[in-house]
Amino acid sequence: MRFQRIKAIVRKESIQVARDPFSLAMGFLMPLMLLFIFGYAISLDVDELTTVVNDLDKTSASRELVKQFTASGYFKIVKQVDRYQDIDYYLDSGRARVAIAIPVDFLSKAVTHKGARFQIIVDGSDSNTATIALGYASGIAEQAIRRFAGVSVAPVIDVRARVWYNPELKSKNFIIPGLVAVIMAVVGALLTSLTIAREWERGTMEQLISSPVKVPELIIGKLLPYFVIGLIDVLFSAGLGVFLFEVPLKGSLIALVVVSSIFLFGVLSLGILVSILAKSQVLACQVAIIASYLPAFLLSGFMFAIPNMPKALQILSYVVPARYFVGMLKDIFLKGNSISFFLFDAALLLGFGTLLFALANVKLKKVME
Amino acid sequence: MIDASEAVHVENLRRNFGAFTAVDGIDLRVSKGEIFGFLGPNGAGKSTTIRMLCGLLMPTGGKGTVAGFDIVRQPEEIKKRIGYMSQKFSLYEDLTVSQNIDFFTGIYGVSKEKRKARKDWVLEMAGLDEKRDALTRSLAGGFKQRLALGCDILHEPPILFLDEPTSGVDPLSRRNFWSLIYSMSRSGVTVFVTTHYMDEAEYCDRLALIYKGKIVAEGRPADLKERSMSRDVLEIEVDRALDALELLADAGIETAVFGTLLHATVDRGEEAGPRIEAILKSAGFTVRAIEKIAPSLEDVFVNLIEAS
Chain V
2 MRFQRIKAIV RKESIQVARD PFSLAMGFLM PLMLLFIFGY AISLDVDELT TVVNDLDKTS
62 ASRELVKQFT ASGYFKIVKQ VDRYQDIDYY LDSGRARVAI AIPVDFLSKA VTHKGARFQI
122 IVDGSDSNTA TIALGYASGI AEQAIRRFAG VSVAPVIDVR ARVWYNPELK SKNFIIPGLV
182 AVIMAVVGAL LTSLTIAREW ERGTMEQLIS SPVKVPELII GKLLPYFVIG LIDVLFSAGL
242 GVFLFEVPLK GSLIALVVVS SIFLFGVLSL GILVSILAKS QVLACQVAII ASYLPAFLLS
302 GFMFAIPNMP KALQILSYVV PARYFVGMLK DIFLKGNSIS FFLFDAALLL GFGTLLFALA
362 NVKLKKVME
Chain Y
999 MIDASEAVHV ENLRRNFGAF TAVDGIDLRV SKGEIFGFLG PNGAGKSTTI RMLCGLLMPT
1059 GGKGTVAGFD IVRQPEEIKK RIGYMSQKFS LYEDLTVSQN IDFFTGIYGV SKEKRKARKD
1119 WVLEMAGLDE KRDALTRSLA GGFKQRLALG CDILHEPPIL FLDEPTSGVD PLSRRNFWSL
1179 IYSMSRSGVT VFVTTHYMDE AEYCDRLALI YKGKIVAEGR PADLKERSMS RDVLEIEVDR
1239 ALDALELLAD AGIETAVFGT LLHATVDRGE EAGPRIEAIL KSAGFTVRAI EKIAPSLEDV
1299 FVNLIEAS
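Chains as they are written, first to last, in the working numbering: chain V, 2 to 370; chain Y, 999 to 1306.
One should not assume that every hint holds.
[To be verified] Here are the simulated lysine-lysine pairs, BS3-like style, with alpha carbons at most 25 Å apart:
| hint | chain 1 | residue 1 | chain 2 | residue 2 |
| --- | --- | --- | --- | --- |
| 1 | V | Lys251 | V | Lys336 |
| 2 | V | Lys215 | Y | Lys1078 |
| 3 | Y | Lys1061 | Y | Lys1078 |
| 4 | Y | Lys1114 | V | Lys367 |
| 5 | Y | Lys1114 | V | Lys8 |
| 6 | Y | Lys1086 | V | Lys215 |
| 7 | Y | Lys1110 | V | Lys8 |
| 8 | V | Lys8 | Y | Lys1112 |
| 9 | Y | Lys1078 | V | Lys8 |
Derived by calculation from the structure, the hints in this document are not laboratory data.
Generate the whole structure from the sequences, applying the supplied hints.
Encoded structure:
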């Protein structure tokens, strides 16, 4: 192993990245875009649910009930309709996602304790939103029941639910830390997947393998520049997340850098392995997307909670390295855990990286076929 | 026995690609300091052979040494001692001249003390001193080729393998290139060069002609001409050369196209000349000249291939 040769490759590779608009865009523009898309545009938070109200009772009690819904901040009344059938139009057209229907006898039944009823209809075509809306609605209904039953009655059981780590349940607080994993997967695997394939396609690989350069020197030299780009992206994403999107970073920056480095080592090795095996840029790029970007996006728990997945996908997620990384990122950002909490996961990722790196070294042969 | 003191010595070298035999059991010996020309048409097995000698391609059969090291077991030792210029232009087009030189200096492990001197030498040899900061992409063919050669010999290898180094380069650059190869050979470097330009073959100390994976002739250029050309060559200047070729071939006369001219290989020029002229004229061709010429290597080659 000679430092001189590694240095030569690192320099060459860095110059090439700096001169290649595609690599620059993928390395620096794409993370920025993802951050803005997920930070601003996409939100899983459910608030201001458009609501249509059909109040046939028109009493102080029914108005009080509706007021509780609007006061919660989760429901926004878009229309009061006079006929029950008109609700259909609003839900069908998507002008409202929730309907509240209060029958004429609501107040009279409530005061006489004869079982007052009202109805909530939720648009279930987006099941995620529907579930959350139902949860809010039941909570408000619960409070309403207590009120009508009389303030004096103390509850038999008093539940005080409290949310830890992300008390306001803001979706960007858990999406942005996980986004770092997706950005790493793209920068790591996608960019490096092109490097060896490009040399084969341009004919420069033939020159390289005729030289005394050793395989590990070549691989390390090619990985280092992308490792640096990856770390810059991590710090950049974390910085933007904390300062622009106000995501809390409760853990230490060092823990973040250490864990990210371990994950980067793995995806970079994966990218270079794909590049070695594919030998063409188009194929390498496609394989890299399927092998790293998609799992990181879909199966890592970054956006879609793993416990909600079908059993088969849950099992599959165990072999997705990004799953462990996303878990650790959320630990560091939201819980502020020290590294000792996820030492096992970190070791697992390091093992994954080492395995792929070794495989890349075995698979890159200094001969043609 | 393989003689490891020779620059190149291989026996019965063979390489298959699936069912296709690219190199079909060839023997080669190249002495130190020699310019050895490896000739043949495209697809004859030149590149496959040179790649096997450089340790880039494993032979299917046969054995041998390059620079004293076994081509199958010690390819990495060979790679430390050779310069290889592949047929495809192999520098980084998105790097500048200077950056390319620096990269290969690092890859070949040129020592710190020698780096500057070697770089200056390459820049001067390639005539690129003024253009050291130009992107390699922007260079003309002749400059690119000299830069590629320079980068491949930064580490001063004792043996140089050049695969069609002058293809796609203008005639003046080709001549300059060959004078460079000459001066290196004089300083003791062994040069193994493939080409399909027959005129370049005349510059070589020794030649081997490869056709369909087999060596069809080997020797000094002068000996080759003498040995295989006991017959005469007539150069014919005629209109519609391709039609004339067909007519003569039908008449059983070995004929080949050379540019706009035809070369006919005949037993005795004095007799055949008038006969060819008669055949062509009776078919309505305008014969401008028929002349007996000294056979070139190209004639030798065409003759050998037709015989094989």
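Q: Below or equal to 25 Å on CA atoms is what counts here, so check Lys8/V against Lys1112/Y.
A: holds, 18 Å
Q: Assess, step by step, whether the Cα of Lys1078/Y is no farther than 25 Å from the Cα of Lys8/V, and give holds or violated.
A: Holds, at about 19 Å.
Q: Please work out if Lys215/V and Lys1078/Y have their alpha carbons no farther apart than 25 Å.
A: Holds - the C-alpha atoms of Lys1078/Y and Lys215/V are around 11 Å apart, at most 25 Å.
Q: Starting from Lys1061/Y, check that the Cα of Lys1078/Y is at most 25 Å away, please.
A: holds, 20 Å
Q. Within a Cα-Cα threshold of 25 Å, do Lys1114/Y and Lys8/V meet the stated pairing?
A. holds, 17 Å
**Q.** Satisfaction of hint between Lys8/V and Lys1110/Y, Cα-Cα up to 25 Å
**A.** holds, 14 Å
Q: Please work out if Lys1114/Y and Lys367/V have their alpha carbons no farther apart than 25 Å.
A: violated, 29 Å
Q. Under the criterion that the straight-line Cα-Cα distance not exceed 25 Å, is the pair Lys251/V, Lys336/V satisfied?
A. holds, 6 Å
Q: For the pair supplied as a hint, Lys1086/Y and Lys215/V, confirm whether the alpha-carbon distance does not exceed 25 Å.
A: holds, 22 Å
This entry does not satisfy hint 4, going by the numbered hints stated previously; all others are met.
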